[in-house]
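**Student:** Quick mapping for you: the protein sequence lines, in order, are chains A and B.
The first sequence begins at 1 in this note's numbering and counts up one residue at a time.
The second sequence begins at 598 in this note's numbering and counts up one residue at a time.
Any given hint could be a false lead.
As the list claims (entries may be wrong) - Estimated spans, in silico, between C-beta atoms of each pair:
| id | chain 1 | residue 1 | chain 2 | residue 2 | range |
| --- | --- | --- | --- | --- | --- |
| 1 | B | H1034 | A | T21 | 30 to 38 Å |
| 2 | A | N156 | B | Q991 | 25 to 33 Å |
| 3 | B | S825 | A | N46 | 21 to 29 Å |
| 4 | B | H1034 | A | I169 | 23 to 31 Å |
| 5 | A | N46 | B | L764 | 14 to 22 Å |
| 6 | A | A31 | B | L958 | 52 to 60 Å |
| 7 | B | D953 | A | V549 | 37 to 45 Å |
| 8 | B | T984 | A | T158 | 50 to 58 Å |
| 9 | B | T1086 | A | N262 | 40 to 48 Å |
| 10 | A | D67 | B | T984 | 34 to 42 Å |
| 11 | B | E1088 | A | G185 | 47 to 55 Å |
| 12 | B | T984 | A | Q553 | 47 to 55 Å |
| 13 | A | S160 | B | K982 | 27 to 35 Å |
If you're looking for bench data, these hints aren't it; they were derived computationally from the structure.
Even glycine gets a Cβ: it sits at the ideal position worked out from N, Cα and C.
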Amino acid sequence: MIETNNILSTPEDHFLAGEGTYVLKEDLHLATPPPHPSEAPILNPNPLATNPQPATAGTRVSLISLDVRAPPPAFFRLTSTTTLSPSIAEHPSEGRSSNDAKFSSDGEGRGTSLSDGAPPTSSLTAVSAPAFGEGNTLLAPEKTKDVNKRRKPKNNMTKSNSSFISRVIINEALTKKLSERATDGLFAFANINRAFQWLDLSSSTKADYLTKILFTKAHCLSHDVNMLTRGPGHMDVIMGFSTGEIIWWEPVSQRYTRLNKNGVINKTPVSQIRWIPGSENLFLAAHMDGSLVVYDKEKEDAIFSPEEEETKPNAGEDDGTAKGIDFKKRILVLKSVHSKNQKVNPVALWKLSNQRINAFAFSPDNRHLAVGSEDGTLRIIDYLKEELLSLFYAYYGGLTCVCWSPDGKYVLTGGQDDLISIWCPSEGDGSLIARCQGHMSWVSAVAFDPWRCDERNYRFGSVGEDCRLCLWDFNVGMLHRPKAKVSVRHRGSVSSRMTALQRAETLGTTTSATRIRSNSALSTADGDDDDKISHPVEPRSRTAILPPVMTKQADKDPLCWLEFTEDAIMTSCNSGHLRTWNRPSDSSAQADQSSES
Amino acid sequence: MASFLNKWKPGVAGASNNASKEANKKKEEPAPELTPLEKMLQTTGPLRQDGSDKYFGLENFGNTCYCNSMVQALYYTTAFREHVLNYPLLTPADTPNEYKPKVNVVVRAPAENGSAQQANGKKQLTTAEALARRRQINTGQPPPGQQGVRPEDKPDTPEYKKKQAMLKGPILELAQENPGAFGMDECTFTGLRDIFMTLVESSTRTGVLSPQRFLEIFKRDNEMFRNSMHQDAHEFYGLVLNDVISNVEANARRLIEQEAKRAKDGLAASLESALEVVAKGTPNGTTSPGTGWVHDIFEGLLTSETKCLTCETASQRDETFLDLSIDLEEHSSVTSCLQKFSAEEMLCERNKFHCDHCGGLQEAEKRMKIKRLPKVLALHLKRFKYTEDYSRLQKLFHRVVYPYQLRMFNTTDDADDPDRLYELYAVIIHIGGNAYHGHYVSVIKTEDRGWLLFDDEMVEPVDKHYVRNFFGDKPGMACAYVLFYQETTFEKVRAEQEAEGLEEVRIASEKAGVAQENGQPNGQPSGLFRQTTTPISPTDDHNALANLDYAATAPVPPSQPVSLPATINQVDGVAEAETTKPIPTTKEPKKTKEEKEREKKEAKAVEKARKLAEKEEIKAKEKQRKDREAQLRDARKTEADNLRKALEESKKMAAQDEETRKKEPATPNTPTHASGLLNRANKGSKPMSKKSFGFLNKDKSKRDSDEGQENGQNGESSSGTADKHDHHKLKERFSFSIGRKKSSNILS
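Could you build all of it, start to finish, from the sequences and the hints given here?
**Tutor:** Dropping the structure here:
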């Protein structure tokens, strides 16, 4: 049975944006595996059956390039400007600087290879940010200078008799293909229900996966590839499952290690998983019970019991249990990264709320974390300090996706109100810049197009359950809020806002000096101290509405992922179609011009 | 097990003998296994007075699921339930010797293994019939040759669960005429009230109610429901509400006439009775039951703006609605369907608009916006579409997602509270391939027991995510058909979300457990292993606790006594110790336990104090917030007005116009010719609300002018009765008499 096939493009499939025509280049179909024979049939004759079903997350893809490519133009420009100086001067005694400083200096690698919707890291800010868990010597990795001698996971996947893995199919010509491929080609990793695939998009036979893993019952919901450690002979892939379990997999050697085995640390599904930027070993998993857990890929699991909050000055008010914690004001650090007990996993564990986390994203400066939850909250967390900075609310319904602008100023969220919201977290109460209306159903993924962003103009794209791809443009000057009152709020220039943010960061809050109290009708604030963190829902009459510049039904099934590459927009849908929409090419533009003249 | 028997022992007078016999019988047999619902209800406090803790199935008499699903949804619409129960206010004449009219309930003995029981000879036939009929329906006409295993004998099928519910009982039967209660003739309203009353007065929390009489009355009054065919639940909803409105209004009229007669007889007597009513009405804590309460709950106001493309004249007209019928599109959301509902629409070709200004039929642009948001927003998803190819109604299986919370985008600029937050609390689900066959069930969020699935006789707790199974794309042809959203506040939603978090965690881990390997090697069937019904995890007691916590944060129903007698065990706080003990009773505790008991009481007192304080705090906060809100809203409003004034200085005249309109939202808008509405109605599938209440618009212009004088909110505004004018006159005339006080009590 052919499980993937390649459908040739039809020239009619295209859409027009300001910059030209995007053309559907190809449609790669990744087969959705049927349930494992041991699984109860999904087709229950009783539509009212109440048996629980494992969580699914559609098709999620990450694109990896091993090569050093030119970063998108936005970064060039940003690095040359002075407005983005390192936000906090690094203390000379802060011993261990981030590992990826070395890597990013030797090649801007992260610019092109984006993973799972994460915005590319700007090398500049990465240099300045201290590494996660810095100062805790127990976490300092043993230096392995030789890249080729990276530690591999313990178990051999092909020879495994684990009941967790049902089947592993490896391309016969894997080694040959790997050695012969062009070094700048894109790898794609994709999870779709209980299948996980590794494809080479640069190959002429890209439909032939390099490896396909079928798990027995668990659905893989999210995965990520470590940008720091990737190389021709080694890649660190982590996958999060509907059972809460996590697999660290090295595709070249086909070895793997299971973490959080049988849910020993957390039993709830992993909705999103990402490597902590700049770390070789640490990654962050969002569990559906509202906790964020930092794991070390090489540490053993241990049954987790909450530790005292020793790093918190205000820890006295709670007894370490989830009860009585006001999640509007803070996150609950059940285990700090600075804990002295670092022999086993988890490295750190933070409880954000009791509601499930749908998505999170690291800021490009590797300091902040934006977390979107099912209860409609967006949390901005300083994960280095393990502190909640801001809490924003969706207009209504849950938030499904989140991402940062390449310069780290803006955060986008998409949700069940069919809206994409643009936030500027450093602006306090005025941080809702605009609501973007154009999808006809829930939004499932958002991403900036770094190739079409500069200091003032931003381009981003979104996909939704309405099967549509929307493109949006906004620029800093364009977004006037239709506010009834003449705003006392001083919307400063880019640089002044940045200084506000800097100051806020040094103070440990996000209060900007010019913020005014706004007790909106939809306010949640019930105390003054709370006010600084928790921001009320903005009424519709005071919010700018942004229409899309382009909307296009991009597939027949609800879309679940999109990503911008240098020369295309890629989308995936719930049924496994991976589509590539080529950017308007110069040649065609020239052809248009010549035909006109 | 004693606790369990206690629990379902029917306490209705006259049936206790019967019931104790039943109880004896059951002792000999192995006690039936607890249903998930009963398990959930195991650790609950005393029965509440407001009926919010009654979870009864409704018997199906053959294709009457449209009624059952909708009646359940209406019952759990708290405001509606309370009003139904409290209407009409009893006058001394109605309750001689403090005798409150009782509902004529018969407790039918639970059927045994499908055959009617002899215990209750009178009802034997009906039981047998009903069971036979139901079996026939539920089995879906089984092939005659196959007599092996009937669906109802297989555990985990809905048929089995329904049969168990019937076996378990108690079955409260409403089959007899109940004329003249409360001085009202038997009508849809009294039928519905009898159902609600029976549930509230029932001494058990679970059971089955047989709404036979209600259906008989409803069918008597509504001809098209008189067959035994599959009916449209939404149509039923419209008709029931409509019936209730007209019944209540008819009663109000009758009372006024009565009063007028009495006023003639003697002013003094009428004054006395009027005063009595007032005196009686307030301490009961009942809100003054006017006739407009149905409107208050369900009614919203739509404005359709029509702009003639020839003369550019824009005209507005207002229409009330009890629900919104929205067209569906594949892969859309309710939000977007509502936007579509308000999208601009061209009236052209056959649908031209009759313009008063330039005369004759013209092309026009029309859009509908919501001017006043209702408290309860009923959204009818138009899944049944008439297709000319088949000349029949086809069901659309579009995937339409609906969020747990909702705000409306399509409000007019001058709407009050345009950002009003709604929460989903009931979903009517249609299962089946077309409009002529199928089954209705409802999934309803109850006040403090989370989401429950009501499938005729069966009631089952489900988790929150279950509500999302009916977007329309799942196999099994089950789709959401009517969605009920109710007004809520941001704080309430927040508090609830925080509380349900623990439950969430449990569910998530349960799901994980399903997908998790259970140590069996590949290929071995483990189906049986997981074939249990809704899994009850061993942490059940803990959940009950969590639920109770949750209950504490819910607002206290007005009729509940604030302080409970100390002898009644309050489960909060001590439930852990209590879980193995029987249901709390008022019996004296044993002496050996005295010490313990005292401790418990102390703990209870502390707990109570804490809760009270919490409540107070919440209240205070709420109040504070509201004040601020009001302030801010005012400030904002004035600001907005100022700005607008400044901007529109040049068009001063226009601005002033708007200002005045803003101040008096009830002033009539330029009434247009009715053809606008008719045009819309012509377009194939027309919204039900307009069909069933279309006649309300007949005297539209008159009503519009009336609205200036009346509050617009009382029942008068859309009575829809032909002799409305007389009615009005009557009231006016009456207002001069001394009985005025009484009539206002009834009418406003």
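**Student:** Of the hints given before, which are not true for this structure?
**Tutor:** The structure conflicts with hints 1, 2, 4, 10, 12, 13, although it agrees with all the remaining ones.
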